[in-house]
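Trainee: Sequence:
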Amino acid sequence: MTAPESGADPAVHVFIGKGGVGKTTCAAATALHFAGRGERALAISTDPTPSLSHIFGLPGHTREVRPGLEILELGLEQVRRMWDERFGRDVYAVFSAFVDVDYPTFVAFMTSVLPGLNEEFMVDHIRRLAEEGTYRPIVWDTAPLGQTLALLETPALLGEHLRMAPRIYSRIRTSGEGRESILEVLRRWQGLAEACMAFLRKRVRFTMVTIPEALAVDQLEGVFGEMRSHGLGVDRLVVNNVVKTEDSEFLRRKAEGQGVQLRRLRETYGDLPIQELPLFPYELRGIEGLEEAARLLYP
-5 MTAPESGADP
5 AVHVFIGKGG
15 VGKTTCAAAT
25 ALHFAGRGER
35 ALAISTDPTP
45 SLSHIFGLPG
55 HTREVRPGLE
65 ILELGLEQVR
75 RMWDERFGRD
85 VYAVFSAFVD
95 VDYPTFVAFM
105 TSVLPGLNEE
115 FMVDHIRRLA
125 EEGTYRPIVW
135 DTAPLGQTLA
145 LLETPALLGE
155 HLRMAPRIYS
165 RIRTSGEGRE
175 SILEVLRRWQ
185 GLAEACMAFL
195 RKRVRFTMVT
205 IPEALAVDQL
215 EGVFGEMRSH
225 GLGVDRLVVN
235 NVVKTEDSEF
245 LRRKAEGQGV
255 QLRRLRETYG
265 DLPIQELPLF
275 PYELRGIEGL
285 EEAARLLYP
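The sequence shown begins at -5 in the working numbering and counts up one residue at a time.
Please keep in mind that the hints were generated in silico from the structure rather than gathered at the bench.
A few of these clues could be false.
Unchecked claim - With a straight-line cut-off of 27 Å between C-alpha atoms, the simulated DSSO-like cross-links for lysine-lysine are:
no. : residue 1 : residue 2
1   : K248      : K238
2   : K238      : K12
3   : K12       : K248
4   : K196      : K12
Use the sequences and the hints to build the structure in full.
Mentor: Here is the structure:
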């Protein structure tokens, strides 16, 4: 497995997994754990419907959870605005060379239709936050898995695109004072994408969150393979909602089914640390509940 650079704590802890498996709970508990150790932690969510403030029991738009812990929720509109400020005009210069479209329509299309674009922007944003060093660590509660994996394809796609059509792009120039060639803009994007991938490989610790159900376990093999193909490894596997108390027929039968999937996980991913979070009879919400989860994740 590829891990953060030897001898250095990871700058960012990333929680990945399909929707509804408990990524936000794990991310929030992790941020709380590090804040409790005296670190200055930032929990950041890029889920289209972020829920960090809900799970901490905070009113909307609150940044500080407690001394040493802040949260930042970036929904679609916030990401769209930030992406526009950093990349919008650059990308529009290329796009408008081929398609006659007004700028607001272009931004709406780029940030809501193209898979992985928002997530790639967020990697760059988090990379810059990590380099500033204000927060250590940053805990990232990602969007559902499909969107997160889409960003991994971007450097390869740009590289292939540049190999296929350099003669075309080198002759088309963007509008504006600098009048860069489109080829120059694309090469700059490729460099940024490669820098983001290097950051993911060297400064990030990935935790996969899943549940002990057949479909969720079946999907893991493809996800692990996709990450390996890009030089990324998972550092830990968290299995959430595990039945620990079989005090009814329903729970007994559910535990039997989960047992099959837990054995599969141990046999397949036994080289990874595997941690189980129990199925709680109540919602893990607020500092007290999340501290309970943190104690289990970081015994």
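Trainee: Check the hint pairing K12 with K248 against an upper bound of 27 Å on the C-alpha distance.
Mentor: Holds, because 21 Å separates the two Cα atoms, which is no more than 27 Å.
Trainee: Does the structure keep K238 and K12 at a Cα separation of 27 Å or less?
Mentor: With a Cα-Cα distance of about 23 Å, the restraint between K238 and K12 holds, given a limit of 27 Å.
Trainee: Has the given pair, K196 with K12, been kept, meaning a C-alpha gap of at most 27 Å?
Mentor: holds (24 Å)
Trainee: Would you check the hint for K248 and K238, treating anything up to 27 Å between C-alpha atoms as holding?
Mentor: Given pair K248, K238 holds - Cα atoms ~10 Å apart, limit 27 Å.
Every hint from the earlier list agrees with this structure, and none is contradicted.
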